[in-house]
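Enquirer: Residues per chain are reported as follows:
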Amino acid sequence: MKEKTAFLIIILSLLAFSQIYGQVGLMMGPNYSTVRHSGILENQRGKMNFHYGVNVAFYPFANTPELSFKTDLLVVTKGYQQNLSGEDFNLNLSFLSFAPMVRYELSQGFHFHTGIELNILAGSNVNEGLQTYRNSERAVFLGLDLFSDKYLSIFTRASFGLSPMLDYYDIHPIDGIQGQLRDIYTTTVLIGIQLNIYNEKIRF
Amino acid sequence: MKKSGFKILLNTSFMLFLLVSCETFVPDPIDPRLPIYSEIGRNIAGAKVGNQFFKNDIRPLYLFCCASERQSFVEDHSELVLEFNVWNQSQNLRCVFELNGLTNEDWDDMEKGFGKKFVFNETNKVTLTELEKEDFISVPFEGQITVKLLKNEKIVAGTFGFKARDSSDREILVTYGRFDYSYYSF
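Keeping their order, the protein sequence lines are chains A and B.
If you use my numbering, the first sequence closes out at 263, no skipped numbers anywhere.
If you use my numbering, the second sequence closes out at 198, no skipped numbers anywhere.
Because the hints were derived from the structure by calculation, they are not lab data.
Backbone N, C-alpha and C fix where the C-beta goes; we use that ideal spot for every residue, glycine too.
A few of these clues could be false.
If you want the footprint, here are the derived chain A segments under chain B, 3+ residues with CB under 8 angstroms [as the list claims (entries may be wrong)]:
hint: 1; stretch: 91-104
hint: 2; stretch: 111-123
hint: 3; stretch: 142-149
hint: 4; stretch: 166-179
Between the sequences and the hints, there should be enough to build the whole structure, so can you do that?
Expert: Spelled out as structure tokens, the structure:
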């Protein structure tokens, strides 16, 4: 019940904020995620995951309507797969993502955007994953919005983790622990649809 | 009759719940075939022997989360013996590490940093035995064990790796060994 109330408050707040010339949208879609590392993960490859969330955009400058600020609140799952001894091992890390960004409209309905992701680790598919991996991540991203002036738009985004997800030990096969190891940076490509539930350009 | 069926169902559900809820294996974030290295007294160990991976996580027959028992040794004694079993689908191995001639300085060093490293030699020994055959005895000629002691928490953890020869004079490579046990002291 509390969750429903909180969700309703968020939606109503977004609608209220959007009254100062803005957009509110719901977004969802698949994403391909993998990780960059210093060779520590054997037979590692990327995997498909998903994301969903809400966003709000503002157009603060009346004389520069091409420029806008947008913030996404997303639940995004990142991770990778390892094939070891003929068996697949999956790692899924689910983040609550706060992603403020700058958007620039290159032509009508076609935006370029770039910003930063501040991610909080909220869940994992492995036992004690929240204790094993770092609980926050910073990333930068850039992407494109297509048909962003329509009720239904498409977006794509590439996100590059700047902070390591793993804070562990550098373990030599025979000599044991050599020191601390900070490694594994996420790389994620999101493709999704956005439902513009409030848009001053397509007010309904 | 119906009541009896219900009881069987209830008991079966309870047993299944115990099996599922007993999962304590936390995979290593780099190689999930091994347990994570930790220093919290999970009573778990693992190693790569040749190309095979061994660990002592819960098996279906172990219902009450006792994958492996605590270690027991005398603190501030000149000898430290660590014993545990690890297994995979086809083999059960027993690892016995014997560290002799320990000094007070050694015990102090075990509490510092990542622990104290002991190179295998005539004083510090490891025996690796395949339980079913009982003749898979290894003689290490290169390698080490690092022992980390947390005296207040009664935890002994560490890593090991070594090269050895079995009774057929074949070389055995034991790598990425790790253990994390709580212990009794006397």
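Enquirer: A separate judgement is required for each hint: does it hold in the structure or not?
Expert: How the hints compare with the structure:
1. Using a Cβ-Cβ cut-off of 8 angstroms, 3 residues of the stretch 91-104 of chain A lie near chain B, which meets the minimum of three, so the contact claim holds.
2. Coverage of the stretch 111-123 of chain A by chain B is violated. Counting CB-CB distances below 8 angstroms, 0 residues qualify, and the rule asks for three or more.
3. Counting residues of the stretch 142-149 of chain A whose beta carbon lies closer than 8 angstroms to any beta carbon of chain B gives 3, which reaches the threshold of three, so the coverage claim holds.
4. By the rule of at least three residues with a Cβ nearer than 8 angstroms to a Cβ of chain B, the coverage given for the stretch 166-179 of chain A is violated, with 0 such residues.
Hint violations for this structure: numbers 2, 4, all remaining hints satisfied.
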